[in-house]
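**Student:** Protein chains in written order, with the working numbering: chain E, 1 to 409; chain D, 410 to 676.
Please keep in mind that the hints were generated in silico from the structure rather than gathered at the bench.
One or more of the hints may lead you astray.
Claimed, not checked - Quick look at which bits of chain E chain D covers, simulated, 3 or more residues with Cβ under 8 Å: (1) 10 to 24; (2) 180 to 191; (3) 276 to 288; (4) 296 to 302.
Said to hold, decoys possible - With the Cβ distance kept under 8 Å, some of the chain E side facing chain D (calculated, not the full set): (5) Glu27; (6) Ala28; (7) Val30; (8) Ala31; (9) Thr169; (10) Gly170; (11) Lys175.
Computed from a predicted structure; not experimentally measured.
Quick reminder that beta carbons are idealized off the backbone N, C-alpha and C, glycines included.
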Amino acid sequence: MSADALSAAYPDTAGHFGRFGGRFVPEALVAALDELDGAWRAATADAGFRAELDALLRDYVGAPSLLYEARRFSAEVGARVLLKREDLNHTGAHKIRNVVGQALLTRRMGKRRVIAETGAGQHGVATATAAALFDLECVVYMGEVDTRRQALNVARMRMLGATVVPVTTGSRTLKDAMNEAMRDWVANVDDTHYLIGTAAGPHPFPAMVRDFVRGIGEEARQQCLDLTGGLPDAVAACVGGGSNALGIFHAFVPDADVRLYGFEAGGEGVETGRHAASITGGSSGVLHGTRTYVLQDADGQTVESHSISAGLDYPGVGPEHAWLHDSGRASYLPVDDDAAMAAFELLCRTEGIIPAIESAHALAGVRVIAPKLAAELGREPVVVVNLSGRGDKDVHTAGEYFGILDKEQ
Amino acid sequence: MSRIGVAFDKARADGRAVLVGCMPAGFPTVEGSIAAMRAMVEAGVDVIEVEIPYSDPVMDGPVIQRASDIALAGGVRTADALRIIEAVAAAGAPVVTMTYWNPIEQYGVDAFARDLAAAGGTGLITPDLIPDEAAEWLAASDTYGLDRTFLVSPSSTDARLEMTTRHCRGFVYATAVMGVTGARAQTSDAAPILVSRVRGVTDLPVGVGLGVGTGAQAATVAGYADAVIVGSALVRCLLDTPDLAGGLAALRTLSAELAEGVHNPAR
Ligand SMILES: Cc1ncc(COP(=O)(O)O)c(C=O)c1O
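Chain E with its partners taken away, still in its complex shape:
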């Protein structure tokens, strides 16, 4: 199958990406998922909806985000690195694109309440932001562990009028926040939209979220053509649930010469078992409404993930990535905590840009692939990297990691 046909054919109408995806949900949610699927399809075909969304993305989010040539960073890593500056979006990450789209859909469906799960807090902040803008009630579920490591974002959500519910079940991180959000949704589905923050979960979420963020890649593709006169040799992104990676990959899937790299959180190293690399270190299973790669034991119990990055600390991945991996169209590699933090520091020092720790995984990945690509191509490779978010929220974590906080703090 050509790359073009590959991307056009998936998912099927029931949300399957090959053997992945689908709907593994309580029957109580099927009606709401069908309603959402219908509303999304109708909205996509509605020029008025598209125009309203485009205006919001331009005037409120700040799209198109810049494509910036990071010259000093490039010199250090041996590739011509073009950063897709999603960190400059309103609220500081790519997440807002998906949220604005789903918030418009929420209004279209006549629902008055949104709920969300969040890990790093970026999706929660984006959801709280859109809820303020659209006058919706907003409840954000966040693992108790994450409320501590991302305290700044908890405060931001509360300032925006959202209720933040710390989740104390299970591992107290993103997966448990998602469980709680699902339970809330089952009980309140009549008036509530579950605004899932990544390209995971039951159909139609993976395909719908990908469509709301795919502008990232469409913009980057054109910007790269304008800047360099050609397409990049590779596109790189970090992979948590997978939205920023799909967002930047999607437009390039038909470009067979453009290599796609997703960098998973390797935590303390995949070999230690303490990581969040679901594709590299997991196996096929069902989690949170979809079939995909999952970190699990032999009995199918989910295994806790580990990453210095709250936004990547999730034991699953969106089903489209599972399928892109199996089909060989994209490559997935782990980046451990230390490599990510080294790249984090390098970007700070060479470019004056403090990246999100999530995005630093993609930057670190470029250091790994650059020499291989250079050898293969016989020249300096051009790599577009999705700088999915800014590092303000991570200042505390990074400060502790580098030991640069004053003792009294």
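Following the hints, position chain D with the ligand against chain E.
**Tutor:** Positioned in the frame of chain E, the structure of chain D with the ligand alone reads:
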């Protein structure tokens, strides 16, 4: 051909509904859960629903979550659940198994169906598997003659009620409320409406669960449903009592109260 049908036939002959009591396998321990299930049967529970504990039970409220966590922390595995099912079935009560889908997928759908049938289990209740995704289970349950209970919900459309019940065998599980497991102060108004909608599309027995916790509630539900399904209230008997003996005593008392309710339906 249904393995659990006998329980329904017997209750029907008595002019009453079936009482189904749920307990997570391996909670509080493997032996403790077998003792609990036997106590429930002795006190009048007709059918035991053994829930395979799962790390991410999105259809369960806090009580069953906690019990499942305790079972998993104790190291309970799917193979242990099968042993428990075998022990309880051998004690004479029909056993239906409730399970989230991933543990079955990892065990192997066909292998699990084979081993469940060999253990004397009647079939599966699948809270996060809808018939749309169930091709492998439909085939395996046919091969081994197991029952299939899919859930229906107040939010199910008529078309889905028809499709879902067409794929059921044994009985249909009607979720009384929009929500997760957990005893509630009042039984739901939505449940009788849902049950009558289900009766419009199938002759299978209809069980009602979610939120039933007292004899009076059981009597109310027994007035319109073929089975009354109780989970969290029974599990709480063991959670709230520090020693197993005390927990089992509380469990016996509540089981008897629920059985009393089922034998005296409110009509
Ligand atoms: C800046 C940033 N990048 C990446 C991610 C990971 O999510 P995804 O894989 O869906 O892009 C997050 C999640 O919180 C994030 O905040």
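**Student:** Hints first: check each against the structure and report whether it holds.
**Tutor:** Results of checking the hints against the structure:
1. 10 to 24: holds (count 4)
2. 180 to 191: Coverage by chain D holds for the segment 180 to 191 of chain E (7 residues, Cβ < 8 Å).
3. 276 to 288: Held - the segment 276 to 288 of chain E has 4 residues with a Cβ nearer than 8 Å to chain D, which meets the minimum of three.
4. 296 to 302: holds (count 6)
5. Glu27: 5 Å, holds
6. Ala28: Hint on E/Ala28: holds, closest Cβ of chain D at ~4 Å, below 8 Å.
7. Val30: Since the shortest Cβ distance to chain D is 6 Å, the answer is holds.
8. Ala31: This interface hint holds because 4 Å falls under the 8 Å limit.
9. Thr169: Hint holds; E/Thr169 Cβ to chain D Cβ min 6 Å, cut 8 Å.
10. Gly170: The hint holds - E/Gly170 has a Cβ within 8 Å of chain D, the shortest such distance being about 7 Å.
11. Lys175: Hint on E/Lys175: holds, closest Cβ of chain D at ~7 Å, below 8 Å.
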